[in-house]
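Student: Full structure from sequences and hints, please.
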Amino acid sequence: MRIALADDAVILREGLSRLLEEAGFDVVGLAADAEALLELVERTLPDVAIVDIRMPPTHTDEGLRAAKVIRERWPTVGLLVLSQHVNTRYALELLSAGTDGIGYLLKERVSDLDELSSSVTRVGQGGSVLDPAVVGELVGRRRQADNPLERLTDREREVLALMAEGRSNGAIAERLFITDHTVEKHVKNILGTLRLPQSPDDHRRVLAVITYLTSQ
Amino acid sequence: MLGFAPQSPPMKAKLSVVAVAGLLAGAGAVWLAAHQPYGRPTEPGPVLELLVGVSLFGCGLASWRARPENRVGLIMVLTGFAWFAAQLIEASAPWLYTTGLAIQSVCVIGLLYMLLSFPSGRLTGRSDRWLLRLGLGTTLGLQLLAMLYGNRSGVGCPSCTNNLLQVVHDNHKARGWLGLRDLFGVVLLLGLIGLLGRRWSRASAPQRRAVLPVLVTGCATLAALIGDIVNDLIGDPLGALPANVWFYAMATVPVAVMFVFLQRRLARGSVAGLVVELGGPSTSADLRSALARALGDPSLQLAYWLPADEAWVDGEGTSVTLPDADSGRSSTFVERDGQRIAAVLHDPVLEHNAELVRSVCAAASLTLENERLQAELRARLVELQASRARLVEATDVERRRIERDLHDGTQQRLVSIAMSLGLLESRLPTQGTAKPLVHETREALALALAELRELTHGINPPLLTEQGLAAALDELCRRAALPTHLELALDRRLPDQIESAAYFVTSEALTNAAKHSHGTEVSVLASCDARSVTVEVADNGIGGATTAGGSGLRGLADRVEALGGHFTVSSPPGRGTTLRAEIPCA
Numbered sequence: 693m694r695i696a697l698a699d700d701a702v703i704l705r706e707g708l709s710r711l712l713e714e715a716g717f718d719v720v721g722l723a724a725d726a727e728a729l730l731e732l733v734e735r736t737l738p739d740v741a742i743v744d745i746r747m748p749p750t751h752t753d754e755g756l757r758a759a760k761v762i763r764e765r766w767p768t769v770g771l772l773v774l775s776q777h778v779n780t781r782y783a784l785e786l787l788s789a790g791t792d793g794i795g796y797l798l799k800e801r802v803s804d805l806d807e808l809s810s811s812v813t814r815v816g817q818g819g820s821v822l823d824p825a826v827v828g829e830l831v832g833r834r835r836q837a838d839n840p841l842e843r844l845t846d847r848e849r850e851v852l853a854l855m856a857e858g859r860s861n862g863a864i865a866e867r868l869f870i871t872d873h874t875v876e877k878h879v880k881n882i883l884g885t886l887r888l889p890q891s892p893d894d895h896r897r898v899l900a901v902i903t904y905l906t907s908q
Numbered sequence: 240m241l242g243f244a245p246q247s248p249p250m251k252a253k254l255s256v257v258a259v260a261g262l263l264a265g266a267g268a269v270w271l272a273a274h275q276p277y278g279r280p281t282e283p284g285p286v287l288e289l290l291v292g293v294s295l296f297g298c299g300l301a302s303w304r305a306r307p308e309n310r311v312g313l314i315m316v317l318t319g320f321a322w323f324a325a326q327l328i329e330a331s332a333p334w335l336y337t338t339g340l341a342i343q344s345v346c347v348i349g350l351l352y353m354l355l356s357f358p359s360g361r362l363t364g365r366s367d368r369w370l371l372r373l374g375l376g377t378t379l380g381l382q383l384l385a386m387l388y389g390n391r392s393g394v395g396c397p398s399c400t401n402n403l404l405q406v407v408h409d410n411h412k413a414r415g416w417l418g419l420r421d422l423f424g425v426v427l428l429l430g431l432i433g434l435l436g437r438r439w440s441r442a443s444a445p446q447r448r449a450v451l452p453v454l455v456t457g458c459a460t461l462a463a464l465i466g467d468i469v470n471d472l473i474g475d476p477l478g479a480l481p482a483n484v485w486f487y488a489m490a491t492v493p494v495a496v497m498f499v500f501l502q503r504r505l506a507r508g509s510v511a512g513l514v515v516e517l518g519g520p521s522t523s524a525d526l527r528s529a530l531a532r533a534l535g536d537p538s539l540q541l542a543y544w545l546p547a548d549e550a551w552v553d554g555e556g557t558s559v560t561l562p563d564a565d566s567g568r569s570s571t572f573v574e575r576d577g578q579r580i581a582a583v584l585h586d587p588v589l590e591h592n593a594e595l596v597r598s599v600c601a602a603a604s605l606t607l608e609n610e611r612l613q614a615e616l617r618a619r620l621v622e623l624q625a626s627r628a629r630l631v632e633a634t635d636v637e638r639r640r641i642e643r644d645l646h647d648g649t650q651q652r653l654v655s656i657a658m659s660l661g662l663l664e665s666r667l668p669t670q671g672t673a674k675p676l677v678h679e680t681r682e683a684l685a686l687a688l689a690e691l692r693e694l695t696h697g698i699n700p701p702l703l704t705e706q707g708l709a710a711a712l713d714e715l716c717r718r719a720a721l722p723t724h725l726e727l728a729l730d731r732r733l734p735d736q737i738e739s740a741a742y743f744v745t746s747e748a749l750t751n752a753a754k755h756s757h758g759t760e761v762s763v764l765a766s767c768d769a770r771s772v773t774v775e776v777a778d779n780g781i782g783g784a785t786t787a788g789g790s791g792l793r794g795l796a797d798r799v800e801a802l803g804g805h806f807t808v809s810s811p812p813g814r815g816t817t818l819r820a821e822i823p824c825a
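Here the protein sequences come in this chain order: L and S.
Residues in the first sequence are numbered from 693 upward in steps of one, following the working numbering.
Residues in the second sequence are numbered from 240 upward in steps of one, following the working numbering.
Honestly, the hints are just simulated from the structure, not real lab data.
All of these numbers come straight from a predicted model, not from anything done at the bench.
Just so it is clear, CB atoms sit at the ideal spot from N, CA and C, and this is done for glycine as well.
Fair warning: there could be bad hints in the mix.
[Unchecked claim] Only some residues are given here: those of chain S computed to face chain L with a beta carbon under 10 Å: (1) E664; (2) E682; (3) H757; (4) E760.
[As the list claims (entries may be wrong)] No more than 20 Å apart at the CA atoms, straight line, and that leaves these computed lysine to aspartate or glutamate pairs for EDC-like: (5) K760(L) to E705(S); (6) K760(L) to E807(L); (7) K674(S) to D806(L); (8) K674(S) to E714(L); (9) K674(S) to E807(L).
Tutor: This is how it looks when you write it as structure tokens:
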């Protein structure tokens, strides 16, 4: 899988690039700001662009805006946005246009090679990735007692969080050391309780779950 | 002390000489009037003639003495001489008679000059000068032209002496030229009335007050003169009456000028009234309006001197700059025991009455000194408030710097270490004891990074800087430990320190609600209008919160008040707690 990478901090750019190559990805180019990234993407058309959210000149949300441009001009390029802060708002803004081939991760998360590898692969294959910290904020939010979310069991809540992170049933089963069948049962229960449509497609499911969580 | 300006010896001598000359001229006029030949026209009569001359001369001398620097007094004296000289028309000697006839109308030009230049004694505009030149040209020129054709017999004096300029004897032409002079005169006088009227409509209140007596008597005189001339032109239907009226009116103008110039003696009454008024309890505004009343200048302002700062402040302690010399405002400085204490900013017209301004300032100096001390205190408070606001701002700037340093420095370095550990972990053989150890280290590092992230978020939430108060409050309420309902009515970004204060008030209030209120839900309201931003955080808990002691609420109150805002806590036992912060943002 071919990767383009943008981060204004040299140590992180180089470190991440080494990790990606270690994991077997083909890093086609590095960029230090949004403009260089757009050039790089146009020239190499990678499978996935990994973008730091905070880059020069204003150090606010340049990466986010660059990601939107890439999605518009080159819709086949997967996007993994990296951030040093948990910013639910940015994450949701990123996912608002659709979850296909989109990811939002905290930088510290990518030091785990397996995690990095599976996230990049998922985004590259059109799946979605949402950082557990963001999901934690969405799921863990205290709500009024009569909210349907408050009626979920602890295990169902765990499954819901993993669904929101963009994981497939198989991945969830592996994570929680339970069978695929049990996961399916949980998923069915959760979707029923929250009155969400039963969809066999993992990708569609993520969007429905996230939309539901943010609307509550 | 009567308030006369101190007289220098040369000035005294000059005035004495002029006075003697005036007396002689007056005596001459009286002698001429007493010895006029039989059959001369006697209206308006020698007594009235003398009255006008004495009025011009006497009042002119008094005004000159009171205001040696002002030319109006001198002009009045000269006009008085001209008036007496015009009486030479009664003389039998031909050369004296001719002189009297020639300068007969010059005293009218003196009147014009007085009215146009009052109260400064200077002609200000081009129209003033043109009016005077035209007046002098027509009255003197046409008079001399008429004299070439005839003498006073031409205007109805068969027994008069011949004038020396006469070349041709043609009474008809002489009357024609004199008629033309009178017509020009009427037009000029009407122009003058118009000019004075326009000047009046544009004058400030103190300016109007200063010129009113002179303007009224002056315009009455001009009107009477016009009446007299018109009466002459249409063949004397009213006889001597209009001439009498104009002479009486003319006699009042010098009195009005003198009255205004000597007004400071009369104004002692207003100074006395001021002293009585200042005896009572007063505030800064009272003092200002009392001085404004005493000086008749509603636009009057006060500035107080702060010797320590070498600066001027107003009554509220706010720094002010004194107007420049050419700004249309004048300043009079007030001293007490040799120390400058205040400045009175007033209409420049009061400079013509400097004596009155000085008396009023002297009378008010004790009160001014008291007000100065209060203004100094208020200035210190203003400065204190400003320094509190600067402290808060410096803290905010420092918070942002620390957050940025942690983000760009420590956090990145630690993330890069975590990446290296990840790389190391993947390269270590699965069987060895090293791999789990590295994994453990990386997990611990991830935990430390999460804590550091929370810490920087607490120091300065990046979202607040990047996206503003509305977005940051939205995020804050999503993360809150209690179910929180947020209502936002913010339509724009506000200054950094105001957004920070509003954010931290909400943040601290939400933390307090979760920790101490025992409530089940919180509502947050944030709104702003043109003048201020308001945040209100209410829970449904047990109440009983207070800002006393070293609680976090005290810190919030300090922060809000440093920005000039209000912070209130309403927390009746059993009925929940409502924190409200209102911060001005205009």
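Student: Check each numbered hint from earlier against the structure, then list the numbers of those it violates in ascending order.
Tutor: Violated: hints 3 and 6.
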